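Undergrad: Residues per chain are reported as follows:
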Amino acid sequence: MKTSNALLPLVGVAILLAVWSLATALKLVDPVLLPSPLATFRTLWESMLSGKLGVDFLKTVMRTISSTAIAAVIAIPLGILLGSSEKLYRSVEFLIDFFRSTPASAMFPLFLVLFGVGDRTKISVAAFGAALVILFNVAYGVMNARKTRLLAAKVMGASRIRVLFDVMLLESLPQTFVGLRNGVSLALVIIVVAEMFIGSTDGLGQRVFEAQQLFDMPGMYAAIFAAGALGYSLNLLFLLIERRFVHWAGR
Amino acid sequence: MTIPASIVASGPAGGFDESRRTAPHVTIRSLSKHYPDAVIYDRFDFDIPRGKLISVFGPNGCGKSTLINMIAGLVPADAGEVLFDGRPLSRVKFGYVFQNYREALFPWLPAFDNIAYPLKVMGVPRAQRRQRVERLVAHLGVKIDLSLYPYHLSGGQQQLVSIMRALIVEPEILFLDEPFSALDYEMTLFMRDQLQRVFMETKTTTVLVSHDLEEAVYLSDYVLLLSRHPAQVVEFVPYDAPRPRTDKTLSEPGFIATKAHCLKLFQREVHRG
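Going down the list, the sequences are from chains A and B.
Under this note's numbering, the letters of the first sequence match residues 1 to 251, in that order.
Under this note's numbering, the letters of the second sequence match residues 252 to 524, in that order.
No false leads were mixed into what you were given.
Below 20 angstroms or equal to it, Euclidean Cα-Cα: the simulated SDA-like pairs (lysine to any residue) are:
{"no.": "1", "chain 1": "A", "residue 1": "154", "chain 2": "B", "residue 2": "359"}
{"no.": "2", "chain 1": "B", "residue 1": "454", "chain 2": "B", "residue 2": "423"}
{"no.": "3", "chain 1": "A", "residue 1": "154", "chain 2": "B", "residue 2": "373"}
{"no.": "4", "chain 1": "A", "residue 1": "154", "chain 2": "B", "residue 2": "350"}
{"no.": "5", "chain 1": "A", "residue 1": "154", "chain 2": "B", "residue 2": "374"}
{"no.": "6", "chain 1": "A", "residue 1": "154", "chain 2": "B", "residue 2": "319"}
Simulated from the structure, these hints should not be mistaken for lab results.
Note that this is a predicted model, so its numbers are computed, not measured.
Construct the entire structure; sequences and hints are all you get.
TA: Below is the structure:
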């Protein structure tokens, strides 16, 4: 019973592959537009190992990780600072919500002027978007620290600084990880879009776009799957780190 | 009114002035507190006796918890003074146990470190912290795996950890705010006896807020009955059955009479106004 339940997630995958194989075998869809699963995954495998796709994949990973890291380094301390004083947060809340709601892609032209064409623009736009998401979550995590826990620390004679580091910071960790996961997803989206359109010569976005331009459909699907696998893995990675370090979350 | 020998034996060491031993421990003078919609306390005076376990009991919303929260400094009073042997709260070591143990313990620390945390705040070195927690555990005869995180413990065990965390600093006074009301009945009975044991072992002045009259009388040397707000002392009811009290105590005439007396006063307060 247990093992059969563990296999449940594979059911959806099997159905997708079956429908896809059937559609290509029966030529329900133009084979030029939709190559067979086998052809697609062979292309994915080969180009990841030997082709340019592997290089592009790593490029995108590097950019996404750098922008998330920059965002975290800026947003986490700032979020703790803002969250530790509700008044302070309320006074900048509108700004944060406004820019958080602004599509980061709308900032490309501005950042292009500031940083020119290159990695710096892509990474900084993605960092900008991710930072606001992380900031918002960290600040809320700190503000929503359990009152009783703060009181308990205070009653035991803990100073404000000690309460901040021993209680508020740890209380905000589960929410901080929510922010990091959302932040890294957003950063990936922004990086891939930037790679498509901002004079890029590498990266998964550029790869997808180029394959489409060259009508290399297996190559395009392979790049799409590579991007999907990357997004999924990054999310999983942060979930695993969270489980390791925030073992008490949700208990 | 005989005092069990054990109390005398474990009482404060020699050199302690006899008048201080019998003097009230905490003096509350002219304590006032109002919320936007109600005056909870208006020039409230009260003396908390030393080395006794007192329960605070009264109608809903009369300010039972507010009273101990003001004494323990969790809630600021509008006016008035609370002194511990003439000293302000800032110079007193005290323990406080919250009703909501789930939110009062630190889930990121194992139970052992939770208990040791107040010592860490005080700057006690690690090795000594260890020793003191181990000593307390042995003293109370607690049988919990303290290497577990709080969320792996039962509700009663978590509250017991909370109580130990409050006791680790060797407080001169211990406050408990409805500590057992989130536990099921079986666990409540067990925890009452744990608390009684702790009290018999340490003789710490203890103030317990309770919404359960049976529990209040069973555990206490005195029951402080409060009126509707603005709260006044309706009566300070003594109950001096010898400890350890057991299930048998609950059916003794003295217990039943005291409980009935408290209930009568309580009912009168509830129906007044």
